[in-house]
Each structure stands twice: as C-alpha cells, then as structure tokens.
Amino acid sequence: MPLQKRELSDCSTSSSACTCSTPSIARTPQQAVTAPTKRGFLQDLIAMAASFGVAGSARAALPGDPSFQPIRRPGMEGKRFGMLVDMRKCIGCQACTVSCSVENQPPIGQFRTTVLQYEIEQAGDTATAMVSLPRLCNHCDEPPCVPVCPVQATFQRTDGIVLVDNERCVGCGYCVQACPYDARFINHETQTADKCTFCEHRLEAGLLPACVESCVGGARVIGDLNDAHSEINQRINAHKDEIKVLKPGMKTKPHVFYIGLPDEFVNGVDGQATVRLVAEHL
Amino acid sequence: MQIIELLTPAYEAAWLPWAVQYFFLVGMATGAALLTSACAFGPARGLLQRLLPTAVLVLAVSAIAAPVALLADLHQPARFWHFYAHLTPWSWMSLGAVLMPTFVGLCVLMCALWWLGKHRLMRLLVPVLVLSTLSIVVYTGAEIMVIRSRPLWNTLWVPINLALSGWLATVGMGFVLYRFLPRALQPDAAALQGLRHLGLWLATGLIASALTWGIAGIAGQSPSFDMAVRLFQEFPVWRISMLGSAVFGAAVVMALLRGEHRLAAKGYTLVLGAGLAASAWAFRWALFMGVQGVPKFGAGLYLYSMPLGGEGLMGMLGMAGLCVALVALATWALELFPARKPASAA
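Keeping their order, the protein sequence lines are chains Z and B. Residue 192 in the numbering used here sits at position 172 of the first sequence; the count goes up by one each step and never skips. Residue 1650 in the numbering used here sits at position 292 of the second sequence; the count goes up by one each step and never skips.
In short, the hints are calculated from the structure, not lab data. Be aware that one or more of the hints could be misleading.
Covered stretches of chain B (in silico footprint by chain Z; criterion: 3 or more residues with CB under 8 Å from a CB of chain Z, positions within the stretch not fixed) [as the list claims (entries may be wrong)]:
no., region
1, 1367 to 1377
2, 1450 to 1460
3, 1570 to 1577
4, 1656 to 1662
Cβ atoms here follow ideal geometry from the backbone N, Cα and C, with glycine treated the same way.
One chain only, chain Z, in its complex shape:
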C-alpha cells in the first residue's frame, strides 16, 4: 500500500488489512484475568509443583516453550490496560519523551518511550512525507521477556502491565535480548532492567500516564480493554480495519495498538540509518 502523507492519511478509507484480531481486544473480563481459567489453574499447578521442587511437569521440564507464561501477579482488579496510538495525530514533538523522562527519571540518554522520526521519499512524488512513530513497551499478552527472567524479577500483572522488580533483578540482560521491540534497557544508574510501566503508579492514583497527559495532539489513549465503554475500546471499534500492532508475527500479542501505521513499519524498518549518538557521548 502506498504511504499516505500525514495530511491525507485519514485511514477511514484505507484498505490495509487488520493485523491484530479483534477478538483479542473485545474480550470478556474472565478471559483477560487468567486466574479463573482452566489455563490459569494449570499454571497454578505447575508453579506449585515447581515450588516444591517437582520438576517433573512437562512445562517445567521444557524451558523456552514459547507458549508458556508464569502466573500473573495481582494488579488492578478486573482491568486490562492497553494503549492506542493514533499516528495521524502525532506531530513528533517529543513532549511524551520529555514528560516520561521527567516523571520516571531514567538516566540521561536512556528512554522508556520516545518518538522515532522518519523521512519518506516516494518515487514520482517530490514532496517528502514524515512519519513519527511513538514507541514504548507493548505490554504484550504473551510477553517473551517474562518467562526468560531467571529470578522472576520481571512479571506481568493481571491488568496486563509488565513490570520489573529492580530490587530482585540481577541485571543479566536476558529480558532485554528477548524483547522483540527494543523496549527494554539496562539502566545505567540502577544496573538493572528498566522499561515503560504504563506509569502504573499514576494509574493507581487515577491519573493518566505522563506521556498520555502531555500529548499535545491527543495521539495516545490509554484505557481498560475489558470495559466495553472505555474510550480506547470505542476508538478501536471505530477504526477496526486500520488497527495494527508491531511485529504481529512474533506472536507476542502486543497491547499497544496503532492507527495509521504504514505497512512498511510493521515489521521493522528497512531504510537508511541515521547517525546514532551513543548514550555516554551525549
């Protein structure tokens, strides 16, 4: 599909295929909260067997099984947080990058969220298009970073938020490798894994994440996917056919959804690289 310039890129007429299945969004609360399901029960059993040192269970004996996830820890009752990024409204101002850094204080040169910016030149078209792609942790439903952690320092909550206990983290970097989105990094100051938390400390207090609150164009919408009337669900439903996620082939079921994401950006960027500044030189 040819890339549309931003001013023309109202995707309501777009014919791009939907890359994430709608059922995974419009789920009932029972499905999202793993505890009461059959699978959750099985995982409970496995974890119990494992905690008693009975490594005989098939799951526990086969580490690396891509379908295995440890049991989720308690989060905000009955909720499943997700974010919708409407790229048509992003102007690439980096207010989210700055407000996240002010709120969460990562070391200089390291970012929990940022907006990647690209220039697109299309054949036969003299005008150059710009793409601003906000990036953050996808808080996947099948996060590959969680099961690899050797000390269970990184975990997912029942509300879908993936967190790191940085007092337990040994800084082995295994989760950083396992994330297909480069959303994690080793924090220079704490020497442990660090990542976007959806500002769960603000959500708990009834506030919006810093990046959502500061977004001048209203491009970022956070909400409860289990609530059929939430704004995020309404907007996802209104744009059902244009919703995409990054790297759907990784089968991580990302819960950051994009409107207006060009197909060329779904599985990574094949293009000319910029000169990147290494953090220590900044």
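Model the placement of chain B on the given structure of chain Z, informed by the hints.
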C-alpha cells in the same frame, strides 16, 4: 520508496564482552571434560593416557575461569544469590545457575582425582561428568536458541556450532598449553597427532553443519539464513567479517592438515593452537557482540564502541590474565607436588 531515519535512540548491548569470554571458556571446558573422560579410559601408557595431563590442564583452567566471566556479565554480580533464592525452572538461565556450579565442581574433582592418581575413581566419575557436560552443552545452546526476537540466534545451528567450535578451542588450547607441563607429562608426537586428528574431525563437523545450514537456508524458510544474507549484502562490516572468517577458517584447516609433518616444531603447535582457539573466540564475538548490533526494529546497525574499562577491554584482558595465572599456578604446583602415578598403571 526510501525511508530515512532522522531520530532514533541508540540501544546498547545488554550482554557485555564478558559473555563472549564465558561462552568461549565454557565451550572449551565441555570439550576438555569429554576429552578427559575419554582419556581416562585409555589403556595404561597408551596414546590417550599420554594425552590425559594436557586434557586435565585445559579442563582445570577453563572450568575455573568460566564462572568468573559468567558472574561478571551480570550488571549486579553481588545479587547472584537471587538465582538460588528464586529458582525458576522455566528459564534456561536459572537452570544454568544450578547446572554450572555442579559442572565446575565435578571438573575440579576430576582434576583432583587425576592429581592424586585415583585412576579407578576417575573412571567411576566419568559417567556423572559426561552427563553434567552434556547438560552444560544443552543449556548454553538452548539459552541463546530460545530467543525468538533475534533470528540469528533462534536456530538449532547456534547450539551445534557453539559446541563444535568450543571443542575445537579445547584442541587448540591443548596445543598451546601442553608445553607448560613438566616434561614427563607432555604428550609425545603420536599423542599430538591424535589431538590433531580430533581437531580435523571437529573442523569437518563444523564445515558440515555450516553447509547444512546454508543449504537448508537456500532451500527454504530459514529466518536466520535470510538475516545473514541480508547482513552480508547490506553491511560491509558483516561482509568483511564473514569473508574474513571463511578465509581464516580455511587457513586453520590447512594448518591442521599440514600439521601431519610439522607438529614436532613447538612454534607450529603454538600458532596452530592459538588459531584454533581464536576461530572459536571470533565466532562468539560475532555471535554476541555483532548480533547485538543488529537493530530489532530500526535500520542500519548500532555502533558498538568498546569501553576501555571493566565492561570492555580491561575485562577481557583481565580474563586472559586470570587464565595465564591459572596455567602458571597449575604447572608450578605440578612441579612442586608432582601428580601421583596411578596405582593401576604402576
């Protein structure tokens, strides 16, 4: 359509050069453990028995140095006890935290039994050590292979190559280190030829596995091969590295072949051994530091500038220094307190 990145952050390598040292040393240790096990069953005064002291020396040095590098690769090394406080059976790295000390303990015990001349006990220990060695081969390979986000790691070819090249490093270090043993313990010409034959078999295995990977990649769906082809086509640094390693690999195989008449020259075994070990080390450098420079999402490559301190150059020099110190310590100890003659051989 052309996409030009204007603003993207740099992502640093989460696994430091320590990981390269660890996988190099542990690969060498697994090879030395298997070689020692095989030699322990050799007939008295036979070729395998004459190779045994060399195998034991390589085993002692690599098995003791490997966990040091592993520990140092943690950004919070003092928290290593968390591995045991929060055992996680579904993570290969957590399993490794149990398997690795077991392996090191068994290796040290094997070396001690050889030193004490307890030949029968050595043979009793062999099945346990072999089992433990295989567990290390499986865990170190699987730990890398399960990472789906990096196509170049997510292939069976990685564990196979890590194992074979690690064992080739064992042969290489054998060629390098045997000269430091007391004269009576040094392998004779026939034993060195035996080591060379082992090297040739391993090199053949490596070439076969690389060809299988290539043919399978050309024939069908192999994301790792496709990624390698893309890197070869797009980036001169990868092109030079891949061609360079092919040339270097061919040179090492040629040196192994020519060794048939030249192993008596000590300089030749030194260069050959260092070349074998270097090829295993360089493979790991490309596999870890090179592949971590391939963006998971963005275009181009991430620049890796090696720090000069403990996280980079000093760390690597330190590991090399540790190995030198261990060799000196072991060979000096053997001069002062010679290994007892095995009772069965007397």
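Task: Verdict on chain Z covering the region 1656 to 1662 of chain B, criterion of 3 CB contacts below 8 Å - done: Satisfied; 6 residues make the cut.
TODO: Closer than 8 Å, Cβ to Cβ, for at least three residues: run that test on the region 1570 to 1577 of chain B against chain Z and report holds or violated.
DONE: Violated - the region 1570 to 1577 of chain B has 0 residues with a Cβ nearer than 8 Å to chain Z, which falls short of three.
Task: Coverage claim, chain Z over the region 1367 to 1377 of chain B, checked by counting residues with Cβ within 8 Å (three needed) - done: holds (count 6)
- [ ] Check, residue by residue, whether the region 1450 to 1460 of chain B contains three or more positions whose beta-carbon lies closer than 8 Å to a beta-carbon of chain Z, and give the verdict.
- [x] holds (count 6)
Going through the hint list in order, the structure does not satisfy hint 3, though it satisfies all others.
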